Amino acid sequence: MSGKLFFKFFHFCRILHKKLNNPRHFYPNGNAHAPTSQLDKCPSLSADNLSNKTLVMDIEGALLRSSSPFPYFMLVAFEGGGLFRAFLLLLLYPLLCLVGGEMALKTMVMVSFCGLRRDDFRVGRAVLPKHFLEDVGLEGFQLLKRARRKVGVSNMPKVMVEGFLKEFLHVEEVVGRELKVVGGYYIGLMEGEKEWRTNLDQMFGNEKMDGEVVSIGNFNSSLRNHLKEIYLVTEGDKRNYHSLPRHKYPRPLLFHDGRLAFRPTPLATLVMLIWLPLGFILAIFRSLIALSVPYKVCIPILSFTGLRINFRRKPNSSYPTSTLDINDKKQKGTLYVCNHRTLLDPLYISGGLDKSITAVTYSLSRVSELLSPIKTVRLTRKREEDRKMMKELLREGDLVVCPEGTTCREPFLLRFSPLFAELSDDIVPVAMDSHVSMFYGTTASGFKCLDPLFFLMNPFPFYDIEVLEKVCLRAGVKSRFDVATLVQRKIGRALGFECTTLTRKDKYLMLAGNEGTVPVDSP
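For the sequence shown, position 513 (counting from the first letter as 1) is numbered 513 according to my numbering, and the numbering increases by one without interruption.
FYI, nobody ran anything at the bench for these hints, they're computed from the structure. From a predicted model like this one, the values you see are computed outputs, not experimental measurements. A portion of the hints provided could be inaccurate.
[As the list claims (entries may be wrong)] The calculated DSS-like cross-link candidates involving lysine-lysine, where the alpha carbons are at most 30 Å apart (straight line), are:
| id | residue 1 | residue 2 |
| --- | --- | --- |
| 1 | 375 | 296 |
| 2 | 490 | 375 |
| 3 | 158 | 53 |
| 4 | 314 | 478 |
| 5 | 296 | 166 |
| 6 | 248 | 314 |
| 7 | 332 | 238 |
| 8 | 478 | 448 |
| 9 | 375 | 391 |
| 10 | 388 | 505 |
| 11 | 53 | 106 |
| 12 | 314 | 296 |
| 13 | 355 | 391 |
| 14 | 180 | 166 |
| 15 | 238 | 248 |
| 16 | 228 | 296 |
| 17 | 228 | 166 |
| 18 | 238 | 158 |
Work out the full structure: start from the sequences and follow the hints.
Structural data, given as structure tokens:
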């Protein structure tokens, strides 16, 4: 009897495996068995022909390498709705593969969006573009780039794809399903067929008559009636797609939000959910070790738990510092200036140098301040008060400053605030980079007090730190702006990062819709 049950279970798994590996099962209108087309050799899709036409591209069927929308709905469920919603969506995944088509799509929309507040929904602009860009096929992007006017069509809700297509790929029009809203909240339902057809009539009704529209992809029946010239993209074509290199992004990806650092496919999401309890316990253990054990003992223990650090130091980065200004008081401490990757930057510098360092902060939560093993002092954002305070801290000991004012995940450096250049004639730049595989340890719109916890929940979080040669200003007089630019470029060269003039305000306006100000009593 047990043998028969095992055989039936094995047979069911084989059927399910075939469906899981057929992403077009979500969209039954797509033609997965069409003859393989050679899009790059088609004369109608040449640069000369498309340069004066409108190109209508199926986002899932022709632009992205993967046709399955599940990872993007998982991002909405996890980042917008929370852990329980993500767990529910994963549980329903086998059922989604079995029912397929419109029913699977509606189910994912209901689970991911129902109950989310429309005005607070920023996943489409702050989280999804990074994952969409990593999934864009180079071949599909090159076709899109040739057209005079670009129109993107997606089976996913418009709010998920519009920000990515318009801001990063410069698509003029986006055709997608609108979500219904009641009382300012999404109810998990998409617009009906009647509204969908009305929108298509308004967009394509006139252009179909003059033959200036070329379409690429596998469109549903409602859209096919409005398109005259359609080129199908098969799964064979998409298997030959290459990922779009970062340097070819139409707009550089500087800022993005969200906790997940991986593409949440069903298998990857299952691994993450299994790891979560163990990761939470491991993060608590790592925190307790860092708070209670001396540096020399702490670092080997943390390394044994998977937390890695690569610390390098230039030979002439720590000779005696100069005297201060008219007060003629000896400067006891060293001024360390570093780029900002996570809230743990000063802790790693302190551990690498094996000495206690004071860190000045701006948006650090009260919880993080209480738990910090090193001294932290809040900046007031009043220039003269902050300058006096930091000079006094330098008289007491070593000081670390992050002049970017906020973290940046990508290989870019934000503009350095020049205030640190007025504190000392000797500045020690510190180049820092961090790497995670599961969770980002930074956030713009979430709870900042959880940032260190999420970073420590990664199986093998990694920090690469290099203390650079000391910058001496005594040889020549330079403005504080020149000093800030010089230190920024030195750190940028050491890391291979690109220097920008963007600021903390630019980041928070894009990701969180505010200027990044944090109340003093914020948790």
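Checking each numbered hint in turn, tell me which of them this model violates, lowest number first.
5, 6, 7, 8, 11, 16
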